[in-house]
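Undergrad: Below, each chain spelled out in residue letters.
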Amino acid sequence: MSLRSVFSVHSRGGGYSEPRPWPGPRAARIGIPALVLALLAVPLSAQSGSVTGVIINGETGDPLANVSVSIEGTGLGNITNSEGRYLILNVPAGEQELVAQLIGYREVRRTLSLGAGGAEVMDVSMFPRAVELEGVVVTGTAIAAQQREIGNSISMVTSEELAYAGAINLEDALRGRALGVSVTGSSGTAGAGSDILLRGTNSVNGRNRPLIYVDGVRMPTGTLEDATGESQEHATFLGSIREEDIERIEIIKGPAASSLYGTDASAGVIQIFTKKGAPGAPRWTMNVQQSLQRIGHVGPSIDPTGLRVNDCTRQFNHSLEEGYFFNRDEQGQLISDPGCPASGTWLRDAHIQDYSMSVRGGSQEVTYFASAGYGITEGVIDPNQSEDVNVRANFTFSGFENFQVNVNSFYTRRDIDWIPNGDNAEGLLFNVARGDEGETPDNDDAAVLDLTQDQVVNHFNTSANLDWSPMDNMRHRLTFGLDYSNSHYITQRPWLFWNNPLGTRTVDIENRRVITLDYASTYLHNLPGDFTSTTSVGAQYNQFEHLGNRTDVEGFIGPGAKVLENAEEVTNYNEDRSATEGGGFFIQEQLGWRNRLFVTGGIRADTHSAFGEEYTRDVRFTIYPKAQATYTLSDHDFWPRWWETFRIRAAYGESGEAPPASGSVTVFEASSLADENNLGFIIQNLANRALGPERAEEYETGFDASLFNGILALNGTYYTRRTYDGLIYVAPPPSSGVAESIPQNVGIWESEGYELGVDFLVFEGYSSRVSLNANYQYNQTTMVDLGDPQFEQFSFNYLNRYRTGRPIPSLYGKKICNPDEMGALPTYTDDANCVLNGVEINTHPDTFFYAPSRPPHEASVGVRATLFDNFILDVFGVAQMGHWLYDDMAQELTADGLWPDCWPINDAVNAGVQNEDPSLYSQYTAKEIGRCWDAESDNEDWMEPADYFRLQSASLSYRVPQEYLPGGLTGATLQLRATNLFTITNFSGLYPDALLRPAQQTARGNGYILPPARQFTMNLRLNF
Amino acid sequence: MKKTTGRIMRTSGRKNPILALPGFAAVFALGACVDTQITGVIVEDDIEDPNLMVAFVRGINSELHDNMRDFSGVWWYTGSATDDFNNDGVSTNGEEILEYRNYSDRPGNFPWAQLHEAAWAGYYGVDVTSRVFADESNSHPLIARSWLISGWAERMLGEIFCESIYNYGPGAGALMGPNDHYDPSQTVQIDSIMRRSVNAMQNALAVAEGAVAAGAATPDGDARIFDPMKIMHAAHGGIAQAAMLLGDWDLAVSHAAQVPADFVLYSHADPEVEDNGWFDVSFQNDDFTLWNTPLHRVFPDDPRAPWVKCGDWRTDSLRTTHGPRGDIRDTGRCDFAPGYGGEFRAESNSMPLYSSLKSETEGLLTRPDGETGEDADFPMVRGTEMLLIRAEKALMDGNLAQFADLVNQGRAVYGMDPIETPMTAGALEFPNALDDAWSILDGERYVLMHLEGRRFADMRRWQHPYITEGHFVNPRVRAENGPPRVAWCMPIADIECDANGDINCPGVGG
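Residue numbers (my numbering), protein chains in the order written: chain A, 1 to 1024; chain B, 1 to 510.
Hint data in this document are derived by calculation from the structure and do not stem from the laboratory.
From a predicted model like this one, the values you see are computed outputs, not experimental measurements.
Hints may contain errors.
Selected chain B positions facing chain A (in silico; Cβ < 10 Å) [as the list claims (entries may be wrong)]:
no., residue
1, Val41
2, His65
3, Trp120
4, Ala121
5, Ser192
6, Val212
7, Gly215
8, Thr218
9, Arg224
10, Leu246
11, Trp249
12, Val253
For each residue, glycine too, the CB sits at the ideal point set by N, CA and C.
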């Protein structure tokens, strides 16, 4: 299959750059002659019959085209059509064995007993292979390549996996589904995105996030708005992609794989391929989804009111004398929190509704896929809500000889109503949890919600992909794409707002445009012996434009329409216009031997507008090399047949990270403030003209194995990555005359990790099967050199610091010296009388390393059971381990005497101290006292392991059998799904993965963000 | 089912590989056309336009003023380390301030950084203006003004700090940029800094004289800062200031004599944002008080450094024990309601609300054009200071009559009564006595340049006996590391020690 699948542009229904695979050699050998025979057939004998049926994907129920169906030992066979149907005539009567084969799927054999002149119907479900060497991938290759040719690991997430994920956003759907992917941050806030890292921390000051491509077009990464606003959560660009539109996602995880992308790709690449059309009559799919979101108990379990969030009709309290009690008025009635909603809780059972319709079809010349979707996701706190509209249209034109054109476009509009939250004096949780010690006047926390935050996002993406094969062994591909997004974020404090009676309004408009131009060409020819040569060249160009405009005004005199010009005063305004462009070209040579051994070498030459003038002058083009080798040992005859696939691979590569746009030029600000209202140019930042890219080199090695006809599949990868010329904002010695920090290429950090995936087919019968999938990954990045001793104190919020020799980022802080001493007040390592481990110590609080604040260990486990062909049970759980987080909320509430778990200890210690009677707190350790005593509770006392396991999703799907489908319907699936059913953790905060500003790369903190809600979903999918 | 062996390749003879050429051409064309560009900001290439040089130098000028504003300004550090004011709000008293106990062991970061930046900016301004006005490199007022900025910044560095580290600007050869010719290990002593200041001022003087000779117009018509004649006077004054501290009295006096008695040139502040620290700390926060300073004790009505008692301590029944605010009775003599003040007032039970009116009083040459309040500007050079330089030289020469005459010329500028010729040169006894020439000179310089960041240098060069126990204790040298070191100046700031791995800062973090 290899050559034709990679070089042909005439197959139907393929991806934007990669036509759907043709049948393999075996299919060609069997299927085509059989088809001819079938067409010409007349009954050769009355002793024969026919076999027909439909082949479907057992996971999705979708028909499978191009499946080779044959009768073992007869030379008879056929290929399924686009509806998955096949027909084999003249099959000798008697017991026969039917074999179904399709690249990428496990072979299926069925025994059938055919009567003379009979017509046997044999429908077959086929399931994808866990290890698929013939599968064609695009990402990280010149144009496309079979997996057996690629030396680096590549992770794939299919549409089937997304359908079962039941995720709160697209980032979350990748959690645990793809090796090397780390997703952090999940909450119960509608519209909030999460953060994605590939293979852990990649950069200190760089983007740190992977490149995102959709159908070959780059789109921005990260958050839509520059500032997080009062919600302290983000919407992300990935939120614009509708999961139902995705065919597959390819993920390459580091420089070993991403060299051909050059600068910007050192954090890896995620490429999303959307669904394409297929020749045939229109096939419609309609999805209707209804979900209920419910959040569980908030905060310490001892508090029945859930910090007054779950239940604000009562005020939980405590005293030394009375223990726990509820506040009551003079008449003995329970006191309700002022502002408490009529429902008695700040939480609601939130409704999610989602409707989508798609159609795919076409002719041999033109195929199409189009979809439209509409959804409303309510957050668990009114009025948080996200309303999304998506439209997509993909066309493939194949009516030209050797030429194919794909045009893919989508438009998304999202309208998000945020609520103020997070570590924020105007936040809802901040005030509700504090009771009458919050910031709101008269403890009326409902006043917080008078602050409105409305974000409207418009996102448009289009691409045109031209694929030309002038010869069978040559292929050109040219992609042009445009991604345009607009975020309009309005924060409004109304007139007479409690925290600013005059009222304020902030309008933050962020426009981003990304242009992609990508050309690649591949030429393949035979060499003497069994060698082949594939030579590839290519060139890419990307332009990123950002137009940001933010205006803050204050003072609306009286009620009425609030627009900027009606305000009394403009308090802040900012316009940010920047455009960067980058590009380069590559050349790559791949030598193959007998389709088993492939050795690849290549270089990418890059330039970027953010590089400094001197750097560009001296270097001209930044060179990123790559080298790979892979060997499929199992193709040798000596290899045992029960071990059908074993491939070893190794890859080396470099790629980079562009410096900040303005780092290499001296920038001035025109200001009237320089000199008594006269215009002056104030130096805003000074140039580092030698500024170049942050570079990372990576080595990885691994294997892919499949045993016992795919019953057991294993893959493993080990990698090391070294980032050098790391971008660090260096504050030069002031004596150099420069006060501002300047980005310099001085940092070095190293990463190491391994990834292990296991797929195990536990049971497979005729109509049932049970499979298990488990992934484990370890990623750790250690700071080697920050370039200057001053950065030994390089620190960020929430006690995160970067220090040499330690994982980045990590938590640091003073330590308690006598943690286990009973009845003793705590002493700390910055106290004069601290003896720690027998050594007297008195050091700066920043000295002690606690733990990394990003999880080094991540694992997932999933079980999928297909029962009686039509029921599918899927259960999936994820875990993150080995990291600590600082619980900002618990610490702050403890310091204010408001954290219920700490009340007894706090009361006892305060009484003991006041009465000078340590026996009153003799039952508590110094560690417990340090944590809970309001006078001593400090940040470090609330740093703790944040390990967790979450049952992310459990679903039961029922595919209605064809015979029960009403007329017109070709398929119907009903799915019941529960998401976030439970989490196992010892973390004392609200939720270990509910992070403040989850997209913030340098400071990971926890607190005042709602945990993700449990979702109960019913989904109905109809095909017709 | 297994074993895919060999790649099947069919090479068609129908097409020519030359068809691939467009693709290869596109590869290299794309690679070549990518260019470096950045939009949406003002960059150097935009700036280097003759029509924009006025605004450019105004921006450079603002770097100098940064040293003066708010709590972190030069005047604040030096004032709180000397007898310019008593620091309030930080539970301390005058003696502790003078012994530096009030500081952490990392003082001076702000003035250290800002003064170096101002000096760098001045030289950068010289570089850019000289390039843009290549034909007028010896006579353009903007070039002269840029030289002035560097010269002043370097003089202030020398006045405040014990030693310095830098190696940029014309004195070090090529102009220093952030990545050019920086040798962080090179330490130069204060004398070198002063010589660099003299050098910069001499360049300013030469270019300004060239401008005057050429009849150059005042750029933008802004005589405040660009008038070539004013720049020329200021350069004379700058040379005198630095030369005096170098001990080169002949040079100092010769240039001081070139400055008119009523001349003054300022560092200019932004009127809206860069609030003058005098105003802030006197009235807004009450973070310092003039109570018990020499100004309070000796100069109750001196127009050169006016002050006012804004609040009385309550003695009536309304006095409370809950914080100072309720215990203060507004005297009604201040335009602004006094702030809360700090613990010092509460603890000492003193009358601390003695606030400076230096930014409030018009017509006293403390700011130009009658500007008062938050945006009052800082004088950088005065004719009256020049008279005192010359008076000091006369005193050193034993000519008391000339001394008194020069002092009185300066007092006359402010409409003040003359002093009588002192009988003896005497010794430094100010503020306890003003009966001899040295004490008079001390007092005159003190009050003239009060709260302008100048007192430190005088105390150091005179080894002023008024300072408690005769010396400041360098906080970098902790007791356990040896005896206190006499330090009449601030040590190298910690941000330099932290960032500059090539120097040794004894006692950092001790």
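Undergrad: Please go over all the hints and tell whether each is borne out by the structure.
TA: Taking the hints in turn, this is what the structure says about them:
Annotation: Val41(B) was flagged as interfacial toward chain A, and the flag holds, the nearest CB pair being 5 Å apart, inside 10 Å. Using the Cβ-Cβ criterion of 10 Å, the hint placing His65(B) at the interface with chain A is satisfied: the shortest such distance is roughly 8 Å. Because the beta carbon of Trp120(B) sits about 2 Å from the nearest beta carbon in chain A, less than 10 Å, this interface hint is met. For the restraint placing Ala121(B) at the interface with chain A, the shortest Cβ-Cβ distance is roughly 7 Å, inside the 10 Å limit, so the hint holds.
Using the Cβ-Cβ criterion of 10 Å, the hint placing Ser192(B) at the interface with chain A is not satisfied: the shortest such distance is roughly 13 Å. Interface hint at Val212(B): violated, since its Cβ lies 23 Å from the closest Cβ of chain A, which is beyond the 10 Å cut-off. Look at Gly215(B): its Cβ only gets to about 24 Å from chain A, farther than 10 Å, so that hint breaks. Using the Cβ-Cβ criterion of 10 Å, the hint placing Thr218(B) at the interface with chain A is not satisfied: the shortest such distance is roughly 13 Å.
Using the Cβ-Cβ criterion of 10 Å, the hint placing Arg224(B) at the interface with chain A is satisfied: the shortest such distance is roughly 8 Å. The interface hint given for Leu246(B) is violated, since its Cβ lies 21 Å from the closest Cβ of chain A, which is over the 10 Å cut-off. The restraint placing Trp249(B) at the interface with chain A is violated, with a minimum CB-CB distance near 29 Å, outside the 10 Å limit. Given the 10 Å rule on beta carbons, the hint for Val253(B) is violated: about 32 Å separates it from the nearest Cβ of chain A.
Figure legend: structure checked against the earlier numbered hints; hints not met, in rising order: 5, 6, 7, 8, 10, 11, 12.
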